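**Q** Here is what each chain is made of, one letter per residue.
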Amino acid sequence: MDEFESKLGQAMVRRPAPPSLKRRILDQRNRRRTERLHGRMVLWQRLAACLVLAAAVGGGFAWHHVQEERKGEAARQQVLTALRITSRALNELNTRLAAKRRDQEQ
Amino acid sequence: MSPKALWQPDFERLVDEHQSMVFSLAWRMTADRGLAEEIAQDVFLELDRHMNKIESPEHALFWLRRVAMSRSADALRRRRVRGVDLWVEIEENHGAMAEERSSPLGARLEQLLTTLPEPQRAALVLRYQEDMSPDEIAKTLESPVATVKSNLQRGLKSLRAKAESHLREFVRAEKSMGGA
Numbered sequence: 004m005d006e007f008e009s010k011l012g013q014a015m016v017r018r019p020a021p022p023s024l025k026r027r028i029l030d031q032r033n034r035r036r037t038e039r040l041h042g043r044m045v046l047w048q049r050l051a052a053c054l055v056l057a058a059a060v061g062g063g064f065a066w067h068h069v070q071e072e073r074k075g076e077a078a079r080q081q082v083l084t085a086l087r088i089t090s091r092a093l094n095e096l097n098t099r100l101a102a103k104r105r106d107q108e109q
Numbered sequence: 011m012s013p014k015a016l017w018q019p020d021f022e023r024l025v026d027e028h029q030s031m032v033f034s035l036a037w038r039m040t041a042d043r044g045l046a047e048e049i050a051q052d053v054f055l056e057l058d059r060h061m062n063k064i065e066s067p068e069h070a071l072f073w074l075r076r077v078a079m080s081r082s083a084d085a086l087r088r089r090r091v092r093g094v095d096l097w098v099e100i101e102e103n104h105g106a107m108a109e110e111r112s113s114p115l116g117a118r119l120e121q122l123l124t125t126l127p128e129p130q131r132a133a134l135v136l137r138y139q140e141d142m143s144p145d146e147i148a149k150t151l152e153s154p155v156a157t158v159k160s161n162l163q164r165g166l167k168s169l170r171a172k173a174e175s176h177l178r179e180f181v182r183a184e185k186s187m188g189g190a
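Which chain is which? The protein sequence lines are G and F, in order. Position in the first sequence (first residue = 1) + 3 = the numbering used here. Position in the second sequence (first residue = 1) + 10 = the numbering used here.
Bear in mind the hints are in silico, worked out from the structure with no lab data behind them. Just to be clear, a hint being listed does not mean it is correct.
Some chain G residues well away from chain F (every beta-carbon gap over 12 Å; in silico) [as the list claims (entries may be wrong)]:
1. E8
2. G12
3. V16
4. Q31
5. A57
6. F64
7. D106
8. Q107
Straight-line C-alpha distance at most 20 Å; calculated EDC-like pairs for lysine to aspartate or glutamate [said to hold, decoys possible]:
9. K25(G) - E56(F)
10. K63(F) - E27(F)
11. K25(G) - D52(F)
Because the structure is a prediction, the values reported are computed rather than measured. Cβ atoms here follow ideal geometry from the backbone N, Cα and C, with glycine treated the same way.
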């Protein structure tokens with residue numbers, strides 16, 4: 004290293020940072036952290052609201068489906084009962100007709 | 011357990027230890043005290059976001075130097091795009107910068123440094139302020155070692171040529187003052 008380089012090295016010593024720099028950095032850091040935390044809280048709140056909404060809509064659909072199934076089952080039971088009554092009435096009519104035919108033959 | 015595994019980065023301590031280094035790099039690159047303060051602030055806030063990736067004190071130092079240099083280069087580029095006459099501004103700002111120096115020769119050398127092209131200035135600042143080797147400078151600036159060496163040689167040659175007459179006067183003056 005020649006004289007010029009050593010002079011250059013002497014001229015290029017680190018300069019002290021302004022005394023307020025550290026405080027400003029820490030203040031800015033705290034502000035950003037608070038903003039980030041607030042942003043995260045808002046995100047979680049939105050997520051929770053979405054989940055509640057999805058659960059409500061899903062529950063509504065499920066309830067509607069169960070109600071429909073219940074109505075379908077009731078209708079099926081009614082049809083079966085009607086068929087049973089009809090079948091019994093027809094059986095009775097058949098028995099009577101058969102008895103009447105037997106009487107006529109005798 | 012290795013010392014690296016034991017090391018826990020402490021943000022406030024890193025700011026204490028390295029704020030003058032980051033600020034000086036930014037100031038020497040931009041020659042603007044206000045801009046250098048902004049850059050230093052940005053660099054440390056960026057460090058805060060990347061604290062989990064910092065593995066050791068050496069890594070923190072390397073990271074801070076790299077980001078400070080790249081942020082300073084970005085700031086210079088932005089000013090150039092904005093159409094600010096950077097060299098006029100640098101001359102003006104350096105007037106104020108020079109007044110703070112105790113040695114007029116040092117002030118003159120710093121002033122001349124700002125007239126060099128950005129890659130040469132970056133290489134010289136890292137070489138003489140941070141006492142880094144060309145290999146370390148190449149890693150920091152993410153450029154080939156040969157380019158860094160060439161920038162160092164050209165920058166030094168150019169700076170020497172610009173300062174030669176000035177330096178001679180001062181060396182002579184210092185010698186005569188020392189002799190008296």
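**Q** If you test the structure against every hint from before, which numbers come out violated?
**A** The structure conflicts with hints 1, 2, 3, 4, although it agrees with all the remaining ones.
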